[in-house]
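Q: Dock chains B, C and D against chain A, hints included.
Chains as they are written, first to last, in our numbering: chain A, 2 to 349; chain B, 2 to 349; chain C, 2 to 349; chain D, 2 to 349.
Treat the hints loosely; a few may be bogus.
What the hints assert, rightly or not - Between beta-carbon pairs, the in silico distance windows are: (1) C:D5 <-> D:D299: 23 to 31 Å; (2) C:R84 <-> A:A141: 26 to 34 Å; (3) D:T87 <-> A:D194: 36 to 44 Å; (4) A:D263 <-> B:D289: 49 to 57 Å; (5) C:D261 <-> B:G148: 27 to 35 Å; (6) B:G332 <-> D:R293: 49 to 57 Å; (7) D:L191 <-> C:E304: 43 to 51 Å; (8) C:R84 <-> D:D5: 51 to 59 Å; (9) D:L191 <-> C:R89: 23 to 31 Å; (10) C:D299 <-> D:A201: 49 to 57 Å; (11) C:L51 <-> A:D194: 30 to 38 Å; (12) A:G148 <-> B:G262: 29 to 37 Å; (13) D:T87 <-> A:A189: 32 to 40 Å.
It should be emphasised that the hints constitute simulated quantities derived from the structure, not laboratory data.
Glycine included, C-beta positions come from ideal geometry on N, C-alpha and C.
4 protein chains.
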Amino acid sequence: MSGDITPIPTRWVGPLRLTGDVEAEQDVPLATYESPLWPSVGRGARISRLVADGIRVSVIDERMTRSSLFVAADAATALRASRDITGRFAELAATVSAQSRHARLIDVDTEIVGNLLYLRFALTTGDASGHNMVTLAAEALMAQILGWHPELSYGSISGNYCSDKKATAVNGILGRGRSVVVDILIPADLVRDQLRTTAARLVELNVRKNLVGSTIAGALRSANAHYANMLLAIFLATGQDAANIVEGSQGITYAEERGDGDLYFSCSLPTLIVGTVGNGKDLPFVDDALTRLGCREDREPGENARRLAGLVAATVLCGELSLLAAQTNQGELMQSHLLLERRSETSR
Amino acid sequence: MSGDITPIPTRWVGPLRLTGDVEAEQDVPLATYESPLWPSVGRGARISRLVADGIRVSVIDERMTRSSLFVAADAATALRASRDITGRFAELAATVSAQSRHARLIDVDTEIVGNLLYLRFALTTGDASGHNMVTLAAEALMAQILGWHPELSYGSISGNYCSDKKATAVNGILGRGRSVVVDILIPADLVRDQLRTTAARLVELNVRKNLVGSTIAGALRSANAHYANMLLAIFLATGQDAANIVEGSQGITYAEERGDGDLYFSCSLPTLIVGTVGNGKDLPFVDDALTRLGCREDREPGENARRLAGLVAATVLCGELSLLAAQTNQGELMQSHLLLERRSETSR
Amino acid sequence: MSGDITPIPTRWVGPLRLTGDVEAEQDVPLATYESPLWPSVGRGARISRLVADGIRVSVIDERMTRSSLFVAADAATALRASRDITGRFAELAATVSAQSRHARLIDVDTEIVGNLLYLRFALTTGDASGHNMVTLAAEALMAQILGWHPELSYGSISGNYCSDKKATAVNGILGRGRSVVVDILIPADLVRDQLRTTAARLVELNVRKNLVGSTIAGALRSANAHYANMLLAIFLATGQDAANIVEGSQGITYAEERGDGDLYFSCSLPTLIVGTVGNGKDLPFVDDALTRLGCREDREPGENARRLAGLVAATVLCGELSLLAAQTNQGELMQSHLLLERRSETSR
Amino acid sequence: MSGDITPIPTRWVGPLRLTGDVEAEQDVPLATYESPLWPSVGRGARISRLVADGIRVSVIDERMTRSSLFVAADAATALRASRDITGRFAELAATVSAQSRHARLIDVDTEIVGNLLYLRFALTTGDASGHNMVTLAAEALMAQILGWHPELSYGSISGNYCSDKKATAVNGILGRGRSVVVDILIPADLVRDQLRTTAARLVELNVRKNLVGSTIAGALRSANAHYANMLLAIFLATGQDAANIVEGSQGITYAEERGDGDLYFSCSLPTLIVGTVGNGKDLPFVDDALTRLGCREDREPGENARRLAGLVAATVLCGELSLLAAQTNQGELMQSHLLLERRSETSR
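Next up, chain A with everything else stripped away, as it sits in the complex (with noise of 0.2 Å):
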């Protein structure tokens, strides 16, 4: 029956030459309704290509995190507390141990407003993106601390300093989801043959654009130009929670001209939140996707969503770095959208 599923429009794209962190010559599939999307993609994947080293891969960082809000009667009673509670760390990480012996503490933040105390739980989750594990992480942590301290009550299991699916600063600052860098180096040939423009135009609409134009726009911790495409059409695609594209698409695109006329790109996503494994990820089409990707092979846990972020980052930097390069000549891109359209509908 039709309204069991919503069928987005989904194509395999590629494949990409990704090494680094993430070693690969591997396709990734797309589900969007914006099908221009697909060839700007594919633009991205030959170049990766042509290029010895492709899009190189580096995973920063790796964690999930869950505020937990307490209320005590002051500011003083709090951070008598606070202090308390940090300092029995040890504690804290045997309890989240023993829910899932995937779910790892690995920090605890901590921000009081008046008499308000806001823990913040991080928490690596091996192959899972860790929504459900940071929840019931915090709810066995609030239960805990609540015994040991009377004086503070339940504010909320959630206080929004986690900060879940929405355009924060915390974020990217104290880390969620997987931090990533990719970025490729790509002679001058290329450059004027395959995105038919040149580094120094690339890199000056890059300053003007996603620089100085997120920030008369008020951007918070972004500067890129539409990474929220790619991020949602691979996130559906490989049954990851889409509405993680909120802090994901927060990310900056950073280039350079070198040498003699030569393009240094990148894109930098440090809240990239992915999983292989749980929620969602055991229906057919996801496990299929998943395994055609290489990512349910048998290895350290971690490590296959660690692959997973490399293919999301990387096809983003695919989709950027078409964009940018259609946007440096007048007319380009309407006239590639105009012509997708057309042959799309012819192709129906």
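A: Leaving out everything else, chains B, C and D in the frame of chain A:
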């Protein structure tokens, strides 16, 4: 072939009762991997039907935007051009109207940074969300303006001051998409019986979590628990460009206790980008969904999209109300999640 | 008696050469505990005199704002009232003009959150910064509006959507104070001899530090090295309300290499709040300073304040240029600070 | 000669009663052109003396920061270097300690954007605010690090991730200056008699204006009425670098009604940058002011500055409480301003 589509699990939930700028008693479709969302929105919908006025909808504004970037030699040149251009608004408007009978230029905002001139064009776009319409318009306007001002040169068709699918401040302040406020007044007994809480506790939680918690998280024009979840689900199921949840989720939940324990509860969504015609809307299941939602009627241009915007906003209210109520009670969130997941596994 | 005043060390630096919307060859006073600021601004001033056009000033906009908060029963009531109020702009404007011949209402922006209605009144205020004028106006306008709309009640004379002395996005986007851009084109030999750097290196630093660095810091509409320092010093020395450096410092430095090593350098200050009459301006030393600055002339209302705004912005450019140039060279910043502090101790 | 100093009108107000991490009954000096500030803070001070515990001070954290920018060929190189550098924390700390017996390295935060590596050094700096100390430390650390890693090159001594005198999110989240919370519990009769309002009305105003109003203004980690005013006045009068009001003013006012009409009122200031020794503190009137404030005693390093931080925060609370109370009553703000200005003119 399974690679052609991504089948997102979908259920119709409701009906929701809407009054005010949108009058309806209507089920809504939610496409999501997060199955607990269905009963969560369902609880809110049930409450809406138990209240005479249901969820009241106010549509405040509607527009779609694109900013284009022009480059001058210096600020004085940019300013002179800017004043001339905005002074010729009627000519710009004529260019836009000539392209499409549904597009109408309603505003041009300008911003100058050094020698860079950003013009932000705002259009009404009838029942379309308007992404393509504003890009097409911006292209024609750029050509017109560069014709008038040879001292300017092309910077970018999009200068990121638009701002599309990014967490920024400009959209909420200058407007992008539809600005909708939905609110409901819930009698004390319903608060107790249906939401298992009190108005006082829910109001307190909203202040501590959504307002104070979001503030310390460094949120940007955003104070809510999880608008992104509901937006994603209904956007996907109705063929919207779901990457617009990035700005769509920047909204504010505000609640007050009224009289003797009644609850006033509101969700303000200043940048809701939806359409009932245009890209993606001719897919058969999208057409079905929009028809079933009553958004394919023969109405004044903009009316169908306005109805959809009201339905989306009301859906957001249902899910937000339900989650916040659950979070006022220690342990409730996790229990209901676990319960739902167990049920869900049984029913598969 | 020493308790009656706080004597801030002050020097006049310059002269700076200004052209464009403000034409001047003028020293400026800097009151500061940070003595290195004097030679730093001095270096920029010297460069301005070595360039034919000096620092070119563009004054883009001017206004002062106050937002007032009204409370309704619900959003629909707030929206109906809002539409009626903005539709009676002429009556509101008459009320403002009746209070002061220098105050003129030029805009009313509205924002609705649930049942809360925020009206942001924008006035031109002649040569006054206008803090008191807008508060007085808001008071009269609130009384008028509450008379029209008994279904609204008083929320607050100031609803923080103004927004006074706070780091927000609204001021830069809707305007508050004067919006001024200053820029200069510096030949390659002056860049080398006076700034001891190259255009390429300074442009690169500006991108990496002021644009990318500010982005990861979570800056809000702000991309500069130290506008706050210059603003504080000249605000204090000219009797301004120096707490307005909070929003005043939210500006953008943008630079480009031109031709063969020439440097285009600009500072954009969208929210510069200054006045030459009004509160504090009748103190004898303030009167002296403003007279010496040529800001007490018999001119059209607003002209004296415009001149002051131009001088302030040019001073900001001088200090910003100088510090950035120093930071392109490893070790230079600290050496010059140490040198200056040693000199300063000797000279006491 | 009048050009040598700028004489800011100054009054000592109080005494304020402080308990908790700072115990004092102490007048404070306010240097300001805005004379209504004196009675406004004075009213808060009077209330503090009428409450047994007065204003309770909690000092949560203290540190000063400087971020330096290094440039690598690519992200992988930056990441390898970053991991090596943070792994050699003890060697970095030794370098800092060798420079000054009051400087101690307590944290190094890293952020990578493409090939750019930002290291944010955090130091405790005894009784100094620490601006120069961290710059000096950063210079030595950069030399050390560039010695270890010839594959990195100098980017900037300051990479704006510090972040000095700018409206950013990083300072509140990672810490800069002292983090202080001050709170007070005011019995209902004092709220009525001294503040001419009720706890319920003041709490409601705080939510609607400081929390919701700031949110729509696009405020960044800031929810207060006018911290900047009090900070500026006491910073100037005590020889502080008053440009630090930019980040200092990013704080949160939070209030609750307790029991039967009592008012819990708090101000949280996460980034309060003050010192009692160092640059500017040897000016005779600054020395006098600090001595009179009891901040020149022979105490453990950091204790004098901590006392000053507590006094500053308590002063902020007094002014904030007083203004908010006034704004709960229509017309009160303007009446009291007009009254004060008339008095002030008479007394001149």
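Q: Which numbered conditions among the earlier hints are violated in the structure presented, ordered from lowest to highest?
A: Going through the list in order, the structure violates hints 2, 9, 11 and respects the others.
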